[in-house]
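One-letter residues, chain by chain:
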Amino acid sequence: MGAPQASIRRLALTRQVIYVLVAAAVIVPFLVHFPLEGKPSRVTKALFDKVQALPDGSVVLFSFDYDPSAMAELYPMSLALLRHCFRKGHRPIVMTHWANGVGLCKELVERASSAVGKKAGDHYVLLGFKPGYSNLILNMGESLQGAFDKDYYGNPTQGMPALEGVHSLKDIPLVVDIAAGATVEMWIAYGRDRFGFELGAGCTAVIAPDLYPFLQSGQLVGLLGGLRGAADYEVLLERPGSGLAGMQAQSVTHVLIIGLIIAANVAFLWRRRKT
Amino acid sequence: MWFKRTIPLLICFVVGTLAFVHEFVPHPLAGTFRQEMTTWFRIIGGFGLFIGAYSLLHMHVTRIRRRQAGWAYSAFVFLGAALMIAFGLYNGGAGPLAPPPGEDTMFQWLYMNVQVPCGATIFSILAFFMASAAFRTFRARNIEAALLLVAAVIVMFGRVPISEALSTVFPKAADLLMEYPNMAAKRGILLGISLGMISQSLRILFGIERSYLGGGD
Amino acid sequence: MSTPDVEISSTRRTVETIVLVALVVAFVATTLLVKWPADAPAKLSLDGLGIILAAGLTLIMYSFLYRDNPLFKVAENLYVGVALGYGAMLTWYLSLKPEIVDPLVTAPHNGARVDFLFGQMRIIPIILGVLLLTRLSRRHAWLSRYSYTLMVGWGAGIGIPIVAHSYILQQLEPSVRPLAGGFWEALGALVVLVGTVSVLFYFFFSVEHKGAGGVVSRVGVWFLMISFGASFGYTVMGRVSLFIGRAQFLLEKWLGISL
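Residue numbers (the numbering used here), protein chains in the order written: chain A, 1 to 275; chain F, 1 to 217; chain D, 1 to 259.
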């Protein structure tokens with residue numbers, strides 16, 4: 001009875017020591033500043049160049065398909081993209097497939113637009129949420145105003161200045177999906193391959209490896225993967241934000257976890273060699 | 001049986017076949033058909049949320065009624081939902097207590113200060129669990145496990161800026177690993193899943209796969 | 001997810017309760033004592049109280065790392081309720097009300113209502129939506145099959161050509177096209193082709209993986225292991241980023257530390 005209890009207590013202690021180490025690895029770098037900026041990746045630069053190359057005043061559709069659980073990774077890149085659009089004078093159209101993400105979309109677009117004096121309806125459109133997923137994309141592909149007859153604030157989308165020249169997805173040159181789930185694949189199959197727009201993506205680090213086949217095939221023009229993707233975009237935009245600020249903590253924590261894994265494996269291989 | 005099983009399966013077959021065939025019909029009627037159907041499903045989808053809501057609330061009502069372990073906490077589910085619905089309904093329409101322009105509603109306030117921190121924090125706890133689990137269980141017991149471990153270390157190190165400060169080899173190695181062997185495996189998995197999806201869709205259309213009908217007949 | 005059960009003595013429980021109360025007092029004291037930046041909202045304003053509430057809920061959630069506790073259970077259930085209410089309200093205001101209720105209730109005259117229901121055929125999705133809800137009744141659940149079969153049939157039918165085009169054909173061509181390029185491009189394409197084929201073969205269980213097939217299957221397993229390792233690395237990155245986000249919030253917004 002005593003031995004299993006002792007081993008469980010030891011297990012719990014080891015776990016709690018690791019928790020403290022991880023917490024320290026994240027918090028301490030915020031308090032002890034040291035410069036750390038990486039070279040933006042090729043796939044992030046590709047999306048940045050795409051937004052940059054669009055003629056000023058172009059319409060860009062953003063689908064912010066995430067909720068608060070993925071906010072830490074996706075909010076910084078969403079903000080950076082919106083800022084880039086407003087800087088270029090583009091007209092972002094913002095929507096989401098996730099009901100629980102609408103509040104974040106609202107907060108994001110109002111924060112980015114108010115800093116540069118842009119107004120809803122005139123310079124950007126917040127469409128909000130509608131259920132349907134792939135059916136909604138198919139709807140929008142035929143008629144954007146038919147799918148969303150009013151914006152989030154209740155204003156009719158028909159005749160809205162920010163939507164001038166836009167009747168469906170076929171009139172939009174670039175769509176960017178910021179995703180915490182499988183919506184990127186959905187946008188590729190039901191949107192991009194049917195209606196001919198270019199598609200960029202931002203996603204949580206968890207699903208980033210799954211999207212590389214679409215990058216190679218050209219179905220995605222660029223990809224922001226996780227907080228590193230957000231940091232890279234902020235470097236390209238020359239506007240540091242919370243993405244870049246998190247890179248010190250990210251680096252130190254990764255080194256810690258790698259160290260723990262290597263130490264555990266060295267001990268394991270040593271024990272195995274002895275027996 | 002006719003109304004409970006045969007007709008629904010017939011509907012599935014007919015609608016599915018029309019959905020498949022209309023993709024290859026250039027006539028404007030095909031576009032109108034698609035537009036109409038997708039609008040219908042958008043509307044039906046709105047009703048679907050209430051099934052989930054009812055199931056969740058029913059589960060908590062049962063827990064309270066039967067005084068199951070932790071039943072008192074279920075009251076907070078109803079409290080949270082009632083607050084959100086009350087503020088949503090009250091502030092949703094125009095009225096004397098609607099917020100002045102430029103200010104946010106209590107609905108948005110509750111979302112930003114309750115739902116956002118709770119949702120963000122619950123998933124961030126996984127960082128600790130991952131670190132602990134990696135230390136306790138991630139072992140190179142054989143070649144395959146060693147490959148997995150080495151790939152993980154290359155990616156974890158190569159994708160943070162600190163590695164670039166040491167050498168540009170690390171981020172390049174991570175990029176090469178992502179763009180070649182990782183991409184190949186993911187493409188293989190994607191092709192396999194896609195073939196499976198097509199096969200499953202055909203099974204659904206022909207009524208061989210019926211689990212979506214639910215229990216009973 | 002919870003820590004394994006260890007026998008906890010009543011003394012330890014008492015100590016832990018005292019510590020919990022002390023931590024709550026410490027939270028309140030810290031909140032009152034820290035100095036927020038000049039541009040931050042006032043602590044007793046709605047925004048300020050929101051930050052304090054968010055910080056409190058964040059720390060309560062993290063208390064789960066030590067052990068499940070009453071405060072965590074309260075916060076967890078409150079979160080579930082708030083999320084449910086939020087989703088319901090958004091679906092009502094952004095979908096059901098504008099698509100169904102407003103055209104019926106605020107229609108200028110009966111003719112407009114009739115046109116909406118029968119002319120535009122909106123009566124059909126309304127009936128199907130109501131039938132969907134019968135899923136909750138054990139006796140009448142079979143009625144919901146009419147809605148489900150329509151949706152599932154449509155999804156299956158339209159999915160076949162879309163999946164074949166976007167996920168198969170569009171993926172096959174770039175797998176072989178680079179073989180015709182320069183040396184390094186062709187080498188990379190060869191690696192990709194070998195990897196893709198061997199992984200596909202690994203999942204083909206109708207043939208026994210022996211001999212040459214066994215070698216191909218083994219190569220497929222190696223590619224899969226590399227891919228899973230990459231996914232693990234990215235997953236660690238993702239989870240750590242989530243904690244970084246919360247740490248940034250606590251340090252910047254709650255403790256007023258400039259980062």
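No lab work stands behind these hints, which were simulated from the structure alone.
Hints are supplied without guarantee of correctness; some may be wrong.
To be verified - Subject to a maximum C-alpha distance of 30 Å in a straight line, what follows is the list of computed DSS-like cross-link-like pairs (lysine-lysine):
1. A:170 - A:118
2. D:43 - D:210
3. A:118 - D:253
4. A:150 - D:43
5. F:172 - A:45
6. A:274 - A:150
7. A:170 - A:150
8. A:88 - A:50
9. D:73 - A:118
10. A:170 - A:39
11. A:119 - A:50
12. A:119 - D:73
13. A:39 - A:150
14. F:4 - A:39
15. A:39 - A:88
16. A:119 - A:170
17. A:119 - A:39
18. A:170 - D:253
19. A:45 - A:150
20. D:73 - D:253
21. A:50 - A:39
22. A:150 - A:118
23. A:118 - A:88
24. D:253 - A:119
25. F:172 - A:50
26. A:274 - A:118
27. A:88 - A:45
The structure displayed is predicted, hence computed values, not measured ones.
Can you list which hints this structure breaks, lowest number first? Numbers 2, 4, 6, 9, 10, 12, 13, 14, 17, 18, 19 and 26 - these are the hints that the structure violates, sorted from lowest upward.
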